[in-house]
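J.: If you want the building blocks of each chain, they are given just below.
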Amino acid sequence: MSASTSILNRARPGLDPPSEQRRRRRRRTALDTIAGYSFLGPNLVLIGLFLFVPVGWAFGLSFQRTNGFGAGEFVGLDNYARLVGDRIFWQSALNTGLFTLLVVPLSMGLGLGLAVLMNSVLPARGLFRTIIVLPMVISGVATALIATLIFDQSKGVLNKLLGATGLDAVPWQSGGAAAMLSVVLATVWWRVGFNMIIYLAGLQAIEPELYESARLDGAGPWNQFRYITVPMVGPSTFFLLVMNIIYSFHVFDIVYVLTGGGPGYATSVLVTYAYQNGFVTRDQGYAAAIGMVLLVLTLVLTALQWRFSRTRDQVG
Amino acid sequence: MDLSRRKFLGVAGTVGGVAALSSCGGFGTSKTAGKSAELTFTTWGTDAELTAFKRAIASFETANAGAKVTLKVAPYAEMFTNIDAQLQSGTAPDVFRVTYSNIGVYAGRKQLLDLSPYFDAAAGARFTDQMWAAVKYDGAPYGVPHHTDTSTILYNKRAFAAAGITSVPDTLESAWTWEEFDQIATRLRGHLPDDRYPFAYNWQGGGITRWLSWLFQADGRLLGKDLKSPAISSDAGRAAVDFTKSFFPRRLVPQNNSVKSPTYASDLFFSETAAMVFAGTFLLPDAVSLAPFEFGATFSPRNKRGGADLGGNPLVATAGTTKPGLAAKFLAFMTQEDTMLDFCVASSLLPTLKSLVGKDLPFKARPDLAKFFVQQASNVQPQDAAQVASPGMDAIKEVLRNQLEQAFIGGQSTDATLAGISDGISRATAR
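Chains as they are written, first to last, in numbering that gives the first Met the number 0: chain A, 0 to 315; chain B, 0 to 430.
Don't read these hints as lab results, they were simulated from the structure. A virtual CB, placed ideally from N, CA and C, is assigned to each residue, including glycine. Careful, some of the hints might be misleading.
Dumping the calculated DSSO-like pairs for lysine-lysine here, alpha-carbon to alpha-carbon at most 27 Å [claimed, not checked]:
#1 B:K109 - B:K328
#2 A:K154 - B:K156
#3 B:K358 - A:K159
Partial list, computed: chain A residues near chain B (C-beta under 10 Å) [to be verified]:
#4 F68
#5 G175
#6 T258
#7 Y264
#8 Q275
#9 F278
#10 D282
#11 T301
With the rest of the complex left out, here is chain A:
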């Protein structure tokens, strides 16, 4: 309640000012509450319909044996028990972990490096920023299709270049390690622009005086980066860490198009394995159980980061 309103109320004869103020305050609070829910409403409806209902449905499905047609058969924890003994599930989980371990630091490290570069006095930096950010506006499927032209083992650009320089061709499509590397490189290319943009925003919020005083104290470029830039972009790092890990655990399109999970199961990840079970072999209860494991993993990792981030958040 503003001071001017109180003065106005006191000036009106015949009213009990404190009572009127309370009534007005209650009315305003009620209106604010309604306004808040009105803004939240559409989002809550959409999130409820398209997130919580499907998650709840999938949770129910994970206790059934069903091909999606007709009523499923309740099988208790059978689907979860199957997961324990399923070698391909464990390989897919390990591949997902490996993919995350490679993609997250690479895309964040490169993103930070490029952001520092683009934040400096660089000729035509607007052009460079655009080029780096460009993959962000392309869908994952399109990115993967472009990557297939690059990594095709027989006629891809990369092997042609290697051949022209006298080096052996790399088995991007028939060697497990090389295939995983191709998926990681394609993903990093796709994600690095997003990381750079977020870091760039973080960098531009750092006061130049900090660098100036550091320079006066004799700090070189590396020490300025290590002791000013890195701590000051802490909130950006936290945000990117959460987003990149969630994205990496949910990777699907690039793997599905670029390698199809092969060769063998070398690039099979949890989501492609769930997709194979749910939509190819139509073992939808089992696919839902894989989805639930993925959900729990993502929630646990995000919660851990959230706890870890409290102090980091305060630095910036």
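Put chain B on the given structure of chain A with help from the hints.
T.: Relative to chain A, chain B alone:
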């Protein structure tokens, strides 16, 4: 925050608008329930196929006053995911296009209309025996064989000439035996540079059932007569796995020609990475425009007998259609002689009616090669077709894909592969 009544109503209107828009934004039923002479028909297709479908639909509407067919097109990659979702939510089209390996999958789950009341034995006898067998489940027809397709060999004439191979079999009876095919491939290997290969096989993507041609040529079976129990652990099964597995270490095919490879065999042929390719009829138009060399065709090899893959598509009606009579009438119209011929010629596909099988097909692309595909298709035996169209095929295909990939490039032994396929089939058909 200040909020006037007008603002509040505005916000409320926005919320209502979102809800109203969501109700009409693609979530409505696709059925034409209230309109007795309207059908929905969902398919995927090339431009040529879709144009031919539209022509056939227009003819059907002209021949049946008041009838209307709404054509819905989906990309092949999403076709069956969409159809599954629509069937589960009760919004499936009245009629849709399937693969022969999907007929049993949907019929076994009671999602298709039993066409027995509409297509009697005489109607069925119009189709070739193997194609009519391929649309049956549990003795009843659940679809009509709209067209078929099968793989034969396309070869690069320049590469063959360079290897001194001057002639190829031009009759089905004289098709190469496995030994002769092996000799040809080995000879090509000796003449081709390191980064080029004798042939590429088209078992990638959804084509894993094309591997079964090798098994059938060895006179083997994938499934027992009950179409549920595994029957691949046999001498024929061992021969088929051994032979096809040997292509990789002997570098007869590119290493990225395995079953999970994202690179299609046809692309390897067009780029001259492979001198031969196993290809379906539908690839002829692409081959004409994309292959920068002269190419010819010959038959797939044979072993104890000839064998070919069952390509092409039937059309089916959904069990939940509210217009079964009209849907059956549409299916009958689409498989009339003139409609089928028009579709097949325009799309470079093969007919399934006995009356058309012996006829010359004036394909727009390389009509001179049509005879190879037509004769090759006659190698599909009814018992082969029945196995491919078995109800558990969706899960069995995944078992085959995983096991053969392990055998081809994962170093898995033939015995382990046969055991893995048998176990996988038992588990898949028990579900």
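J.: Mind checking the CB of F278 (chain A) against every CB in chain B and telling me if the closest is under 10 Å?
T.: At about 5 Å, which falls below the 10 Å cut-off, the nearest Cβ of chain B leaves the hint on F278 (chain A) intact, so it holds.
J.: For the hint on Q275 (chain A), does the least C-beta distance to chain B fall short of 10 Å?
T.: 6 Å, holds
J.: With chain B as the partner, please determine if T258 (chain A) meets the hint condition of a C-beta pair closer than 10 Å.
T.: At about 6 Å, which falls below the 10 Å cut-off, the nearest Cβ of chain B leaves the hint on T258 (chain A) intact, so it holds.
J.: Can D282 (chain A) be said to touch chain B, with a Cβ gap under 10 Å?
T.: 7 Å, holds
J.: Given the hint that K154 (chain A) pairs with K156 (chain B), test it: the Cα-Cα distance must not exceed 27 Å.
T.: 21 Å, holds
J.: Close enough to count: is the Cβ of G175 (chain A) nearer than 10 Å to one in chain B?
T.: With a minimum Cβ separation of about 9 Å from chain B (threshold 10 Å), the hint on G175 (chain A) holds.
J.: Does K159 (chain A) sit within 27 Å of K358 (chain B), going by the straight-line distance between their CA atoms?
T.: Measuring from Cα to Cα gives roughly 46 Å; hence the hint is violated.
J.: Go through the hint on T301 (chain A) and say holds or violated, using the shortest Cβ distance to chain B against 10 Å.
T.: 28 Å, violated
J.: Does the CB of F68 (chain A) sit less than 10 Å away from some CB of chain B?
T.: 4 Å, holds
J.: Between K109 (chain B) and K328 (chain B), is the straight-line Cα distance small enough, at 27 Å or below?
T.: Given pair K109 (chain B), K328 (chain B) holds - Cα atoms ~21 Å apart, limit 27 Å.
J.: Per the CB criterion, is Y264 (chain A) less than 10 Å away from chain B?
T.: With Cβ-Cβ at 8 Å, under 10 Å, it holds.
Checked against the numbered hints given earlier, the structure breaks hints 3 and 11 and satisfies all the rest.
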